[in-house]
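Chemist: Keeping the supplied structure of chain X fixed, place chain Z with the ligands upon it in accordance with the hints.
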Amino acid sequence: MVEEIGTTDEGDLIINIGPQHPATHGVLHLVITLNGETVRKVEPHLGYIHRSIEKMCESLSYRQFIYSTSRMDYLSSHINNHCCAMTVEKGLQLEVPERAAVIRILMDELTRIASHVLWWGAMAMDIGAFTPFFHAFREREMINDIMEETCGARLTMNYMVPGGVQFDLHPNFHRRVKAFVKQLRNKLPEYDELVTHNAIFKSRTKGVGILSKEDAISYGCSGPTARASGVDCDIRKTYPYEGYEKLQFEQAMSTDGDTYSRYLVRMVEMRQSLSIIEQLIDNIPEGDFQAKTKAVLKLPKGEFYSRVETARGEFGVYIVSEGGTTPYRIKFRSPGFSNLSALDHTVRGQKIGDLVAIMGSFDLVIPDIDR
Amino acid sequence: MFLKDYFNDIAQAVGSLLSGMRRTGYYFTHHKEIITEQYPDNRATLVLPERFRGEVVMPHNGQNEHRCTGCTACELACPNGTIKIVTKFELNAEGKRKKAVDAFVYHLELCTMCNLCIQACPTDAIKMAQSFEHSVYDRSQLTKILNKPESKLQEGVE
Ligand code: SF4
Ligand code: SF4
Numbered sequence: 004m005v006e007e008i009g010t011t012d013e014g015d016l017i018i019n020i021g022p023q024h025p026a027t028h029g030v031l032h033l034v035i036t037l038n039g040e041t042v043r044k045v046e047p048h049l050g051y052i053h054r055s056i057e058k059m060c061e062s063l064s065y066r067q068f069i070y071s072t073s074r075m076d077y078l079s080s081h082i083n084n085h086c087c088a089m090t091v092e093k094g095l096q097l098e099v100p101e102r103a104a105v106i107r108i109l110m111d112e113l114t115r116i117a118s119h120v121l122w123w124g125a126m127a128m129d130i131g132a133f134t135p136f137f138h139a140f141r142e143r144e145m146i147n148d149i150m151e152e153t154c155g156a157r158l159t160m161n162y163m164v165p166g167g168v169q170f171d172l173h174p175n176f177h178r179r180v181k182a183f184v185k186q187l188r189n190k191l192p193e194y195d196e197l198v199t200h201n202a203i204f205k206s207r208t209k210g211v212g213i214l215s216k217e218d219a220i221s222y223g224c225s226g227p228t229a230r231a232s233g234v235d236c237d238i239r240k241t242y243p244y245e246g247y248e249k250l251q252f253e254q255a256m257s258t259d260g261d262t263y264s265r266y267l268v269r270m271v272e273m274r275q276s277l278s279i280i281e282q283l284i285d286n287i288p289e290g291d292f293q294a295k296t297k298a299v300l301k302l303p304k305g306e307f308y309s310r311v312e313t314a315r316g317e318f319g320v321y322i323v324s325e326g327g328t329t330p331y332r333i334k335f336r337s338p339g340f341s342n343l344s345a346l347d348h349t350v351r352g353q354k355i356g357d358l359v360a361i362m363g364s365f366d367l368v369i370p371d372i373d374r
Numbered sequence: 038m039f040l041k042d043y044f045n046d047i048a049q050a051v052g053s054l055l056s057g058m059r060r061t062g063y064y065f066t067h068h069k070e071i072i073t074e075q076y077p078d079n080r081a082t083l084v085l086p087e088r089f090r091g092e093v094v095m096p097h098n099g100q101n102e103h104r105c106t107g108c109t110a111c112e113l114a115c116p117n118g119t120i121k122i123v124t125k126f127e128l129n130a131e132g133k134r135k136k137a138v139d140a141f142v143y144h145l146e147l148c149t150m151c152n153l154c155i156q157a158c159p160t161d162a163i164k165m166a167q168s169f170e171h172s173v174y175d176r177s178q179l180t181k182i183l184n185k186p187e188s189k190l191q192e193g194v195e
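Sequence lines, in order, name chains X and Z.
Read in order, the letters of the first sequence correspond to residues 4 to 374 in our numbering.
Read in order, the letters of the second sequence correspond to residues 38 to 195 in our numbering.
Chain X with its partners taken away, still in its complex shape:
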């Protein structure tokens, strides 16, 4: 702290936001240097929710470690689990049955929508609109019900396992997903009416917090945050996995790099995810939902890496194996950490009132940053 105060000028004010503050969506601690109303520097302090998941994983077997990644980015838990399962499969050189692959994509896209819908409500609330939050939860609840029925849990499903998925789809799955797609298609124009076209929302977000393409790349941003700055970094397009290459969808992009375009990119992504679900839901192939695996999984000696596109950006799992039943070292590349590192650069020179709006548009999930 002493050092930070040392670098400030006369008349600067240092304030703390968090670790317990509703606007930071978790236990993030921001030390902000202010000059009047202008932000001069933002320093995120992490460590309040550090559980050393990576270290814990070293003592867990290749089946067991997957559950802990649901506790990182809890809004994309399916996608995190998916990436872990994919990495283990890469090591085992295991082919996933076609049906399992399609189920995985369906679940991933449902998760993405659930995450974006929740973000939409939270973003509007950050800016001061309270009602959209409830609208968002109405749609998200439908997804949670679908998950509960098929996967057995609402948030931390642990549904993806090496070789496929834990259970087959519930008989109601098809009908419920159809109903959900119809519902969200009906409600998205309503979302636009409430927030996207709202004059106050626009003037609070347009031209605010501009992140240039160069900066987005050099800070390692990914996901909608980087795509809003014109970086084409959707892993589903650039390095397709699990059959994404066979699907028709567009990479949601914008070039402005401001808060409003980050917002728009996610709105477009929701529609893209809906169309992916529509393409797949009537064409789920028959067959096994899980490949045959040994009771005890052993990865050969070597290094394995795979990456996926979560709702927040690129998530990667890196496993170093010594040939045993537990990994020698695991490293997770979480999208939130890199996105957060660009925050300081983005908010410098902006007003303190816009900080929360910019932070909201980065869609930070703190347990994902601080694992």
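No wet-lab data here; the hints were simulated from the structure.
Idealized CB from N, CA, C, for every residue including glycine.
Hints may contain errors.
[Said to hold, decoys possible] The calculated label-pair distances, taken between Cβ atoms and stated as ranges, are:
{"no.": "1", "chain 1": "X", "residue 1": "221", "chain 2": "Z", "residue 2": "47", "range": "19 to 27 Å"}
{"no.": "2", "chain 1": "X", "residue 1": "19", "chain 2": "Z", "residue 2": "101", "range": "56 to 64 Å"}
{"no.": "3", "chain 1": "X", "residue 1": "328", "chain 2": "Z", "residue 2": "147", "range": "16 to 24 Å"}
{"no.": "4", "chain 1": "X", "residue 1": "136", "chain 2": "Z", "residue 2": "62", "range": "15 to 23 Å"}
{"no.": "5", "chain 1": "X", "residue 1": "344", "chain 2": "Z", "residue 2": "109", "range": "42 to 50 Å"}
{"no.": "6", "chain 1": "X", "residue 1": "193", "chain 2": "Z", "residue 2": "118", "range": "42 to 50 Å"}
{"no.": "7", "chain 1": "X", "residue 1": "96", "chain 2": "Z", "residue 2": "75", "range": "14 to 22 Å"}
{"no.": "8", "chain 1": "X", "residue 1": "213", "chain 2": "Z", "residue 2": "52", "range": "22 to 30 Å"}
{"no.": "9", "chain 1": "X", "residue 1": "221", "chain 2": "Z", "residue 2": "167", "range": "47 to 55 Å"}
{"no.": "10", "chain 1": "Z", "residue 1": "135", "chain 2": "X", "residue 2": "25", "range": "53 to 61 Å"}
[What the hints assert, rightly or not] To be clear about the criterion: a stretch of chain Z counts as covered by chain X if any three or more of its residues have a C-beta under 8 Å from a C-beta of chain X, and this derived list gives those stretches:
{"no.": "11", "region": "75 to 89"}
{"no.": "12", "region": "140 to 152"}
[What the hints assert, rightly or not] Sample of chain X residues facing chain Z (criterion: CB under 10 Å; computed from the structure):
{"no.": "13", "residue": "64"}
{"no.": "14", "residue": "67"}
{"no.": "15", "residue": "164"}
{"no.": "16", "residue": "197"}
{"no.": "17", "residue": "198"}
{"no.": "18", "residue": "205"}
{"no.": "19", "residue": "294"}
{"no.": "20", "residue": "298"}
Modeler: Using the frame of chain X, we list chain Z with the ligands on its own:
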């Protein structure tokens, strides 16, 4: 020109606010579309899906028999040491010493409901229950012994 833009802006802003307010007004007057669940009050009618994971239980049949052989496969599968199997040796019908489960200790407070133990069990002795209201006054109340007192291994389960 400037003035025209200025008033145009205002008109658009008011228009966008009104269209948002119309949405809000619609829900205000359409009570049918309210979806809030009145949770504690609706406990009697609340149905959870059969796959919902709330707690590990060990079903017993009418003769107070379970299917657990005490093989500890579930204990090994569990990522966080939730299950502890205490075994004992029993004499079976032919007078041979055989391993059997003495106590299936289950720490609900540690369980992450990951389902790995259920999948690991070779004899389907345990399953997930749908109960979810686990709050108690003391942590020790969450440590449970799943096999009932005096219960035995079901005939024919190896
Ligand atoms: S559900 Fe998971 S955490 Fe709970 S007892 Fe079974 S294996 Fe352990
Ligand atoms: S519950 Fe199943 S896996 Fe666990 S000790 Fe008993 S028989 Fe073995």
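Chemist: With reference to the structure, classify each hint as holding or not holding.
Modeler: These are the hints, each one checked on the structure:
Taking 19 to 27 Å as the suggested C-beta distance range, the pair residue 221(X) and residue 47(Z) does not conform, at roughly 41 Å. Taking 56 to 64 Å as the suggested C-beta distance range, the pair residue 19(X) and residue 101(Z) conforms, at roughly 60 Å. In this structure the supplied range 16 to 24 Å holds for residue 328(X) paired with residue 147(Z), their Cβ-Cβ distance being about 22 Å. The beta-carbon spacing between residue 136(X) and residue 62(Z), approximately 18 Å, falls within the hinted interval of 15 to 23 Å.
Taken as a hint, the range 42 to 50 Å holds for the pair residue 344(X) and residue 109(Z), whose Cβ atoms sit roughly 45 Å apart. Between residue 193(X) and residue 118(Z), the C-beta spacing of about 48 Å keeps the proposed range 42 to 50 Å intact. Between residue 96(X) and residue 75(Z) the beta carbon distance is about 52 Å. The supplied range of 14 to 22 Å is therefore violated. For residue 213(X) and residue 52(Z), the Cβ-Cβ distance of about 27 Å falls inside the hinted range of 22 to 30 Å, so the restraint holds.
Range check, residue 221(X) to residue 167(Z): Cβ separation about 50 Å, and the 47 to 55 Å hint holds. The beta-carbon spacing between residue 135(Z) and residue 25(X), approximately 59 Å, falls within the hinted interval of 53 to 61 Å. As drawn, the region 75 to 89 of chain Z meets chain X at 4 residues by the rule of a beta-carbon pair under 8 Å; at three or more, the given contact holds. Closer than 8 Å: that is the beta-carbon criterion, and the region 140 to 152 of chain Z has 4 residues meeting it against chain X, so the requirement of 3 holds.
Checking residue 64(X) against chain Z by beta carbon gives a least distance of about 8 Å; that is within 10 Å, so the hint holds. At its closest, the beta carbon of residue 67(X) sits 4 Å from a beta carbon of chain Z; the interface hint therefore holds under the 10 Å criterion. Contact between residue 164(X) and chain Z, as hinted, is supported at the beta carbon level, the nearest pair being about 8 Å apart and thus within 10 Å. For the restraint placing residue 197(X) at the interface with chain Z, the shortest Cβ-Cβ distance is roughly 5 Å, inside the 10 Å limit, so the hint holds.
About 8 Å separates the beta-carbon of residue 198(X) from the nearest beta-carbon of chain Z, less than 10 Å, and the hint is met. Interface restraint check for residue 205(X): the shortest CB-CB distance to chain Z comes to about 8 Å, inside 10 Å, so the restraint holds. Taken as an interface hint, residue 294(X) does not check out: its beta carbon lies about 14 Å from the nearest beta carbon of chain Z, beyond 10 Å. For residue 298(X), the interface hint holds, the least distance from its beta-carbon to any beta-carbon of chain Z being 8 Å, beneath 10 Å.
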